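A.B. asks: Here are the chains, one letter per residue:
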Amino acid sequence: MSEYVIEMNHIRKEFPGIVANDDITLQLKKGEIHALLGENGAGKSTLMSVLFGLYQPEAGEIKKDGKVVEIRDPNDATALGIGMVHQHFKLVDVFTVLDNIILGAETTDKLGFLKKKEAREKVIALSERYGLKVDVDAKVEDITVGMQQRVEILKMLYRDNDILIFDEPTAVLTPQEINELMEIMRGFAREGKSILFITHKLNEIMAVSDRVTVLRKGKYIGTVNTQNTNKQELSNMMVGRPVQLEIHKKDAVPGETVLDVRNLTVPSKIHKNDAVRGVSFQVHKGEILCIAGIDGNGQTELIHGLTGLEKASAGKITLCGEDISNASIRKRSRAGMAHIPEDRHKHGLVLGYTLEQNLVLQKYKEPRFQNHGFIRFGEVRKYAEKLIEEYDVRSGQGPITIARSMSGGNQQKAIIARELDRDEPLVVAVQPTRGLDVGAIEHIHAQLVAERDEGKAILLVSLELDEVLGLSDRILVIYEGELVGELDPKHTTPEELGLYMSGAKRQGKEEKQNA
Amino acid sequence: MVFLIQQTMLYAVPLMIVALAGVCAERSGVINLALEGIMIFGAFMGVIFIRMFQGMGFVQEQGQIIMLISMLLTGICGVAFSMLLAFSAINLRADQTIGGTALNMLAPAVVLFFIYMIAQQSTLGMASGGAAGWFMIRPSTFGLPKDYSWGPVLDLFLNKVYPSTYVCLIIFIQVSIFLYKTRTGLRLRSCGENPQAADSLGINVFKMRYLGVGLSGFLAGIGGFTYSMTTANCTSTGEVAGYGFLALAVMIFGNWTPLNIALGSLLFGLFKCIAAIYASLDINGDGVYLLAEIGISPYVYRMLPYVITLIVLAFTSKSSRVPKAEGIPYDKGQR
Amino acid sequence: MPRIEPESGKIKWYKSDGAKSVYASLISILIGLAVGTLVIIIVGLLKSNISPKGIWDGVRLVFLGVFSTGRTDGQLTFGFNPVNMGNMLFRATPLIMTGLSVAVAFKTGLFNIGAAGQYLMGTMGTLSVGLWLGWSSCPSWLAWICAFLTGIVLGALWGAIPGLFKAFLNINEVITCIMTNWIAANLVTWWFDVHEEFKNAAEGGKVGYIIPLKNVDVVTPKLGMDILFPDSQANGGFWIACLIAVLMWVIMTKTTFGFELRACGLNRHAAKYAGINDKRNIVLSMVIAGALASAGGCLYFLSGNTEFYWSTYMSLPADGFNGIPVALLASNHPIGVIFAGMFMSTLNIAGLQLKYLTAYNEYIANIIIATIVYLSAFAMFFKMLLNTKRKKAKEVQIAVTTEEAKPEIESAETDEAAAEAEDAVDDEEEGGQQ
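From first to last, the protein sequence lines stand for chains A, B and C.
Letter by letter, the first sequence follows residues 1 to 515 in our numbering.
Letter by letter, the second sequence follows residues 1 to 335 in our numbering.
Letter by letter, the third sequence follows residues 1 to 434 in our numbering.
Simulated from the structure, these hints should not be mistaken for lab results.
Some hints here could point you the wrong way.
Beta-carbon label-pair distances, calculated as ranges [to be verified]:
hint, chain 1, residue 1, chain 2, residue 2, range
1, C, L45, B, M83, 22 to 32 Å
2, C, L357, A, I400, 20 to 30 Å
3, A, A327, C, F168, 55 to 65 Å
4, A, D160, B, M56, 50 to 60 Å
5, A, F113, B, F315, 50 to 60 Å
6, C, L45, A, F374, 32 to 42 Å
7, B, M83, A, E70, 48 to 58 Å
8, B, M83, C, L38, 36 to 46 Å
Pairs of lysine to any residue residues, derived as SDA-like cross-links and limited to a Cα-Cα distance of at most 25 Å, are as follows [unchecked claim]:
hint, chain 1, residue 1, chain 2, residue 2
9, B, K181, A, N326
10, C, K254, A, E379
11, C, K206, B, Y180
12, A, K115, B, M52
13, A, K316, C, K272
14, C, K272, A, E121
15, C, K254, A, E121
16, C, K279, A, D421
17, C, K272, A, F369
18, C, K355, B, S122
19, C, K47, B, M52
20, C, K214, A, E322
If you're wondering where the values come from, they're calculated on a predicted model, not measured in any experiment.
By construction, the Cβ of each residue, glycine as well, lies at the ideal position given by its N, Cα and C atoms.
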């Protein structure tokens, strides 16, 4: 009788051109909470997808309770008692909570007609037993993110799963909801259910897990007992070298106000309340101001309202003395705003265009690049080559490379090259390092600090606490559309930030002015 | 009045069943623009089968039977034809609107080619007799004299009615129940809204989409045959006067829901009916040809369904129930 | 892990993206012709009145129809047939225009399936104004210009409708185009039904047709076509179409306007972020597409001797839809459209030759064309696949599995017509608007 309820031995999973899992061995004990740690692209999600039957490994075996099993699809996984809560919820928005839970595991009569009464009773019973509050008849599109996650958990419990996989479950939760989730997981573990918990957040691992397995670039690095390790050691295993959790930079010397935002209000597209409610702040020359907060609290709309992508319903925006509150995107851009957008594939690049076409995406109308409406191709080429050289943008064929074929890091570098070269007084950088490797992240951080030292005003929006604390000179926390606190990164802690981000703490007016 | 209702039903029934065909495909995630083409093919095959049965020696009294069998066979042909779209859209993940348009071009080409090869003319009709004589339910079907009347209510249902109307209605109801009350229907619909979710629950998205498209082909094929039989005297001409596209309009107007589609097809069918017969339409039998006197051109009535659909599209875009994942090929690699 | 430097230097021309498109088109054509040939052979074998020689004749005409010079002593002869060639160019003219219409729309991310309706609106405008002015004392050349412009303006307006729906309400242009097609069909029929003066009552029994413009001498000049191809219907319209194609090419590739349009087509959101007015561009694109499609109708009827069957409420003009395969075969390249249009016209001529010279009929050509469209739907897919494979190989070299080792195919930014899919996804992200 094996001590391990699940063993994944020497798993190898390939995709065209990439080895996502290279000879990985993972062992899960019964009743333990086992964390799977690694950076983006380490192969954690892939490995769990193999366990859940979404992918078939090229090599390796999986054992349950010591016996070799074959998991060809999620049905096999479910039959073995394995369930998964995905990072991006797999819910059908227009179906009710109940329909979502029973989908794929429906009880029917002989003719195939659905029998919902028993299902409903079972779901309600499970919900009460584990403290997972849901509204069974509500449509998924109408319920909160927290409740949606509970629906995903109930999906697993409904199928009597007792090996539960959670893929980055806390990305969308407030710190309070994260604590609740961890309690629920501990509850499952006490009952004898075994939990695999994918994350890249060291705090959570230290708080709730029994053991940690670390993956790096598709390879297995090691497994440790949580109580015998610490964050520094885990972090070292994760990136392979001692990571400076801090960014070295000189102190900021802020100058005059470059951007002045007063009472900005932006309506929400999803619900009736405003997404941004009467927000006011200033960004000065030579400082990096960071807007911190959990995703979904209005940062996106704030930036959209600032850049002109969305129309603000109230408020005044002044950039370098010019009122741009009602100006078009192009006018704001020319008034002095450079923008590194949140989603580089959606808003930053035209993937079907070449690198040089992307580099002149905003400048093509300048007299330098066009003559009575006809493009000056020679000038475009010269400009592109200059930027490629200066910002070290690598690509297969230089300026004529199709953007789609470039790597993520170089695509981001191209966007940054384009925006920073414009030499605008204000740089709006939204999650500039999302999804990039450590090397590229360091490079981009260094560039932003350099810009700051040259006197630019930088408005940074970031979800990564390390980046928020390490890179910024001043932090503003946004919660449910309002600025609830202004903090000095040198004098605050991640915990304090978390409290503000979850709305548990907010500064009164005088506190903000004094900070 | 009875006449008006019956005529409207004739126009509405093919619309209804073909609109539902569109729904079956779209709810599983595949846009089926080829409804027109499948109808054309169905109309043609239906006529071929009827001629075949006539050639085998069946007689007019057995008309309804051969009609029913032909409907079934035509439906199967519709399934086969729609497999072209299914393969292209599902397995090869090709563009669905282009694929559908291709089938809309292929069907009349193939049909007209064979009509000319068979009949050396541009239409193909029954081997003998006409649709009304062979297929309609009339007093004579029951051995009663020709001008017998059962009274206005029963007359509505039994006198000079095609059995295809009832068959289509029954199929319509059955398919609707299937979509909303059965397990497979639930799974099918999930594939049109969020195929990743369905896949992660072990549902075979490919199979469900094939089912959706196949069902779509079956219904559209039957719709095409019904159209040619009831409004074109069981003649295949290589076109169905835009019915397939009108059915798309009904589908949108009906917000992808069976009940609304039924109502929508009645409305649009009414317009088509009025357009065709308005000059001789005496609504309450009092000798007043009201619509003729108003003088609105029949072309306005024919345009109305499309104009109305545009207006509906414009004003209800936010609450539209269009299946979220329709038109997007399902790629297992994307998580 | 060692960092492997990406391959630098240019890609050979025959491996380039453009070359791949040509290969894909050629394959589609070959398979289409093969299917047509197969149909001829099979039907020939099944039908008793077609001999093996008849089958061989049929096959030869499929490939060489435009060169057919009729029969001598029962044998098919081939050679330069000015009538066939001229007619081929004549019939290619509307196809080039509708092909341009669809191609330009595709390049900006829109599927203009409404070319047929726009074609009809152009026809209505040109015939009406042409006849009106023709009957008046207006000089012919002025009447021609007015007729042509009226047609284009009507087509442009008609194209604007789906454009506005897409730009401002985010409603898929395919469905609005289908609606406008049929509204146009009814509208045009209604217009001519009411205007008795346009109907050709004079020429015994042709009341179902509109008076041909040659009757009022509002006709496109031959511009040398009558010398090159005597006795055919060819006229200067072909040169005009070619000129417009070149114009479109210049606009799309060499101007800032074209740059904006294509950017919108490839990624509407990034274009918006860059300050490009995406809504305006979508509408403009459909307006241009509408004008181009309607110009096809204008040129066809301005040739003078063509007759318009005005009761069109039950069927849409084939040339409207045949623009789709033209655009697809040309991979949406304006100059390529000229050749693709000529090729399609060649097929049509071959079909007619089949009808006149053999026991087969002209619908073989339509079958071949439909097959080509069907295959073109996957041609784009195969191209995408080839691109992705190349990209993955590069990623192994460049990325060294450090970044996004996600195995997805980035279908968020694929080709023109698939940009619709992106809209659907984004509508979902923008809060479930649709």
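A.B. asks: Now tell me if each hint is right for this structure.
C.D. replies: Here is what the structure says about each hint:
Separated by about 25 Å at the C-beta atoms, C:L45 and B:M83 satisfy the suggested range of 22 to 32 Å. At roughly 51 Å, the beta-carbon separation of C:L357 and A:I400 lies outside the given 20 to 30 Å, and the hint is violated. Under the hint 55 to 65 Å, the C-beta atoms of A:A327 and C:F168, about 21 Å apart, miss the expected range. Distance hint check for A:D160 and B:M56: the Cβ-Cβ separation is about 58 Å, which falls inside the suggested range of 50 to 60 Å.
A beta carbon spacing of about 36 Å between A:F113 and B:F315 contradicts the range 50 to 60 Å that was offered as a hint. In this structure the hint that C:L45 and A:F374 lie 32 to 42 Å apart at CB is violated, the actual value being about 59 Å. Our hint of 48 to 58 Å for B:M83 and A:E70 is violated, since their Cβ atoms are close to 32 Å apart. B:M83 and C:L38 have their C-beta atoms about 19 Å apart, which leaves the hinted 36 to 46 Å range violated.
Taken as a hint, the B:K181 and A:N326 pair is broken in the structure, with Cα atoms around 51 Å apart against an allowance of 25 Å. Distance check on the hinted pair: C:K254 and A:E379 sit about 13 Å apart at the alpha-carbon level, within 25 Å; holds. The straight-line distance between the Cα atoms of C:K206 and B:Y180 is roughly 54 Å, outside the 25 Å bound, and the hint therefore fails. For the hint pairing A:K115 with B:M52, the CA-to-CA distance comes to about 45 Å; that exceeds 25 Å, so the pair is violated.
At roughly 22 Å between alpha-carbon atoms, A:K316 and C:K272 fall within 25 Å of each other, so this suggested pair holds. With a C-alpha separation of about 50 Å, the suggested pairing of C:K272 with A:E121 is violated against the 25 Å cut-off. Note on C:K254 and A:E121: the hinted pairing is violated, with a Cα-Cα distance of about 66 Å set against a maximum of 25 Å. Our distance criterion of 25 Å between C-alpha atoms is broken by C:K279 and A:D421, whose separation comes to about 28 Å.
For a cut-off of 25 Å, the pair hint linking C:K272 to A:F369 stands: about 20 Å separates their Cα positions. This hinted pair checks out: C:K355 and B:S122 have alpha carbons roughly 13 Å apart, not beyond 25 Å. At most 25 Å may separate the alpha-carbon atoms for a hinted pair to count; C:K47 and B:M52 meet this at roughly 17 Å. Pair hint C:K214 plus A:E322 does not hold up; C-alpha atoms about 63 Å apart against a cutoff of 25 Å.
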